[in-house]
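Please put together the full structure from these sequences, using the hints given.
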Amino acid sequence: MSAAPFESDGGKTPRGAISIRAVSKVYDPEGARVLAVDDCSMEIEAGEFCVIVGPSGCGKTTLLNAIAGFHGISAGEIHLDGELLCDSARMPKPGSDRIVVFQNGALFPWFTVLENITFGPVMQGVASKKDAEEKALIMMGQMGLKGIAHNYPSEISSGMRRRVEIARAMMNDPRVLLLDEPFRAMDALTKTVVHQFLLDVYDRNKTTVFFITHDLDEAIFLGSKVYIMTTRPATIKKVLSVDIPRPRDFRVLASPAYQRLRSECISAVHEEAVKAFKAGEREM
Amino acid sequence: MSSETPDNPGIQLSSGARTWMRMKHWLGSPSPYLNLLGLCGFVAVWYAATEIFNLPLFNKLPGPKATFTEWLSPDPLYGISFYTKEYYQHIGISTWRVFQAFMLATALGVPIGLFMGWKKTFKDYTFPLLEVLRPIPMLAWVPLSILMWPGREASIIFLTFLGSFFATVLNTLLGVESIDEAYFRAAASLGASDKQIFYKVIVPGSLPFVFTGLQISMGYAWFSLVAGEMLAGEFGLGYLIWNSYTLVQYPVIIIAMITLGVIGSLSSLIIRLVGDKLMQWKVREAA
Amino acid sequence: MSDGICSRAFAGIKKKGRSRTFWRGIFSLAAFTALWELCVYLKAPIIGNVPAPSEVVSTLAVQLHNAYYWLSWKDSMIRIFTGFIIAQIIGVPLGLFLGANDRAREVLFPIFEIMRPVPPLAWVPVSVIFWPSAEMSMIFVTFLGAFFTVVLNIVEGITSIDVRYIRAAHSLGSSRRDIFWRVLLPASLPSVVVGMTVGMGITWAVVVAAEMIASKTGLGYLTWRGYVAGEFPLIIVGMMSIGVAGYFSSALIRLTGSRFTPWLKTR
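Residue numbers (the numbering used here), protein chains in the order written: chain A, 2 to 285; chain B, 10 to 296; chain C, 70 to 336.
For the record, the hints were derived by calculation from the structure and aren't laboratory data.
Misleading hints may appear alongside valid ones.
To be verified - For each label pair, taking beta carbons as the anchor points, the in silico distance ranges come out as:
1. C:240 <-> A:138: 31 to 39 Å
2. C:102 <-> B:160: 25 to 33 Å
3. C:330 <-> A:42: 33 to 41 Å
4. C:249 <-> B:275: 53 to 61 Å
5. B:130 <-> A:84: 29 to 37 Å
6. B:31 <-> C:95: 52 to 60 Å
7. A:278 <-> C:102: 31 to 39 Å
8. B:186 <-> A:42: 52 to 60 Å
9. B:91 <-> C:173: 43 to 51 Å
10. A:280 <-> B:275: 53 to 61 Å
11. B:53 <-> C:328: 41 to 49 Å
The C-beta atom is built at its ideal place from N, Cα and C for all residues, glycine as well.
Okay, here's the thing in structure tokens:
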């Protein structure tokens, strides 16, 4: 249970509640004025596995980047556990309590797997290199990542790389794990493996997850709540509660509950996809 | 960083074995023999044109036979061969000049390039200067360099330095700018400070470009050195070429040219080896 | 980061940022010039030996009315473009041939590999010995500077073409000839352009040095004469002229290049 090795987590109080209140984001306030996110509100509970689904280029990543602290917002507020993270005046800052797993992966190719995983604690100075390595090795053992510690990211498979990246994030015991279409370029078989991996990590730590995808199966299989977004400017179109019990495995995919949710999802998403397609959006 | 990561013996071994296999495969294919054929053909054409048929234009050039007899002779006609001390003195002086200039250019150019990529403000102030000076070919600096520096040695080294400095700075800057934005974001998100980002992302991330830049800059260094030595030198291979021309000792020109070529390739090979040593992650990726 | 929103947003940021960057650049160039003038005035070591910007400007003003100055431009330009164009006429087809034909490449390429590391200037004496006139020998050295770069770049460009394009063309029913003209040629065009741009830079460097060593005309000689005759500001005028000429020749190549490779513009 020591996947979160460096912060005392004695009380196991659920943390990582995100409150997004009437957030809008306009790019380039002086020029072309592109409204990327429009009056978007959502309440994500602590420990919720929240999945955002929407057409390409709809502004999902904009929302994620604001939470992660990569850019500011034009209106509204984002709170994390009751503290103001950012509003129109206050630029957010990136921090190790909100860690992003990127679309194309961002394991540092010049560091070994172990150096990547220990990067967070070592940089923050919360653990010595040796301690961090020890704990990382224990965690890698629990996560089924044995034997690759001294390999470079380019030497392991893409599925492995994603798992290492998630492990690198979990080393920091983040309040929120932000995943930006992390499994997008993966084949279906690899996907099922990494899905199971992510679910295991989630079941063990109950970290809040903010997961962006446009794969509906993935959304329902992984998520507790699925937020379907409209095409740009993005707002919430529909929220689905996924009442499939955890722990889940691939058998869920055949259950009637899953099928019902899926068809509900499809009709909502399809409408938006057509709109987006007509608007001629480029791939995001 | 490689000191903390013991080399994986399995991978080392297999890469060694792979090299051997590749070697064997290469020797079994026609390409080495075709390569050799090309080179022999070139020498044969040169020989035929100069020393057998005495073709017009070519008849004034030294042929391979004259060149190599001179080069291999213990008692050379014009004083330059494998057996004479002067030959190695010229090589030594040129190499030493390039070494000093290259080291200086690297020691200044790499940090400046990294810093330019790191701090936008610094780049805003320095980049225009670079842009204005860059289109002036380094050889146009020859007279100014002689004028500026006391003594020829300093001006030749300055010239050589200029040649490699610009290439190093620009390639380093290019290297920093080629680093994927996601790495900066990931590092910031994992709690790295600005300074840590510099050492852990910018420096390793730009290394491949830095080393490409260093190879180019080494080429430029030799290029400028030859010009400097031809115009202002008292020793060195460039001077040797020019001096042999004025003294009508033509075979020596060819000897010096080939020597320059060989030393030039050797120096860029050394840079590549150092680069491979520092960038294990790139080497293993290629394997 | 390739979505429409972001690129548009970045364009906006760039526009705003550019004006600041622009003024910073102007400031630093002005500061550099002022510092230079000051160093000369104070007779600082090394930099103090360089003629002051004020002297350079007045010399430049005189030179601009001087027919000899413009004649230097003409002579250098003729050498550059003759050498450069001959290098393209021979180098481009040869590069394409070597790139497309494996056997020929394996026979001839090592010769290029061996000659490449020899600095182009080292060829000056040989070239002077070989060619009957100084003019021809200078054009030859210029030619060499551009020739190697162009050939090597094209061969590199062709051999690194994604084999899928060739397979796609095959399966779409192309003949060997079609593949050469419609796949290999266009796919190698970007590297031709890169080779030409780099080659143009080398060409200028070579011409300048060759003019200093073995000529009585041209911008390189003008610069050298400034030194020999003790008209030191003329050295800087010569360097600036060479810089301007080199810059515009490269810009010309790049512009022409982008006309021939319109598909590279979308990104």
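Cross-check of the supplied hints:
1. C:240 <-> A:138: 31 to 39 Å: 50 Å, violated
2. C:102 <-> B:160: 25 to 33 Å: 28 Å, holds
3. C:330 <-> A:42: 33 to 41 Å: This hint is violated: roughly 48 Å between Cβ atoms.
4. C:249 <-> B:275: 53 to 61 Å: 37 Å, violated
5. B:130 <-> A:84: 29 to 37 Å: 32 Å, holds
6. B:31 <-> C:95: 52 to 60 Å: 55 Å, holds
7. A:278 <-> C:102: 31 to 39 Å: 56 Å, violated
8. B:186 <-> A:42: 52 to 60 Å: 38 Å, violated
9. B:91 <-> C:173: 43 to 51 Å: For residue 91 of chain B and residue 173 of chain C the Cβ distance comes to about 34 Å; the hint is violated.
10. A:280 <-> B:275: 53 to 61 Å: 59 Å, holds
11. B:53 <-> C:328: 41 to 49 Å: 43 Å, holds
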